Amino acid sequence: MKILDAAIITFIKTDITPIRFMIGLSSLLWAAFSLLPGTLFKVKEVCANLFNNPDILNWFIFSEALWASLFFFHSIVIFTSLFTGKYDRFTLFADGVIGSFIWFFSVSLCILSHITIWAEFQPPAVLAAGITITLAQWWNLIMQWEKFPIAQKD
Amino acid sequence: MKRFLIALLTLNMTPIRFIIMLNSLLMILVLIFGAPFFSIHHAIIEGTVGSYFDFLLTKECWIILFAFHVLFIASSFFHKWNPISLFIFDGALGIIIWGSMMTFRVIVSVGNATFPIPFLISAGITIFILQWWVLIRHLFNFEIQNEDIRCSNHNIH
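Those sequence lines, one after another, are chains A and B.
All you need for the numbering used here is the position in the first sequence, starting with 1, plus 574.
All you need for the numbering used here is the position in the second sequence, starting with 1, plus 29.
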């Protein structure tokens, strides 16, 4: 248990500026790649795999342009926060909460889009990097929460 | 800009190295799951870039390389390796395995309309850039250490 406690303390006390820089860069590249032609975000495949109907969730899952805008907004918030050193309710929400949501949701959809039959599940190799960034984003959210807890907001 | 460069060269790299280790570990799992590595099958079936892959290692070799990378980074958190080992096995090896993956993945994708670049490549490229950052920091630390040795030798003489 001592090792676990030490690990938790290390995680909470570590300066995660490089991690936030990495997440910001990833989000910026995500938005940039959406400008390239081709279907980047396989929404229809996901819906087809999940519900046997490509159109059923189109009202729920946004267009690629809106996803790109969200990722671009996320990267701008992170870089602004990094350069100004500002942490407040807005960064907690825009960087922590929205960032966790968009990364978790997009990577989950990517995983789902590759599952047709479990026995034949073949994720793309680069999926590992996406999962890593998502985990880093959750770490970022927890650290932001530590810096700016609910009690402090009220 | 100067402040930014100083931050790049002085920030504690432990979180980044931990993330890279986690990433390599996940890559091993994904490969074990039977990932179509670099989507090589698509490329060969399409007949576009099959010849590019003749010299690439097999999947098992890549798994071993990633496993070695993970173990070396994990051990470096508990054991103080010398700067040359860190530079080669943490920095350079990471760039080779990630650079090969990312570069060839993009080569496969570009010019193949039926197989566009996936959005997740952004995460992969970021890890590749971070790996360069780790390499530069190892090089930088190595130079500082050499400078210290030169200074101490000068003082002795």
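Mixed in with the good hints there might be a few duds.
As the list claims (entries may be wrong) - Computed spacing ranges between beta-carbons, pair by pair:
1. B:LYS109 x A:GLY659: 38 to 46 Å
2. B:LEU40 x A:ILE650: 32 to 40 Å
3. B:ILE125 x A:LYS660: 37 to 45 Å
4. B:LEU168 x A:THR591: 28 to 36 Å
5. B:SER129 x A:ALA606: 20 to 28 Å
6. B:PHE97 x A:TRP712: 42 to 50 Å
7. A:PHE664 x B:HIS108: 27 to 35 Å
What the hints contain is simulated information worked out from the structure, not anything from laboratory work.
This one's a predicted model, so the numbers in the text were calculated from it and none came from an experiment.
A virtual CB, placed ideally from N, CA and C, is assigned to each residue, including glycine.
Hint check, failures only: 1, 2, 4, 6 and 7
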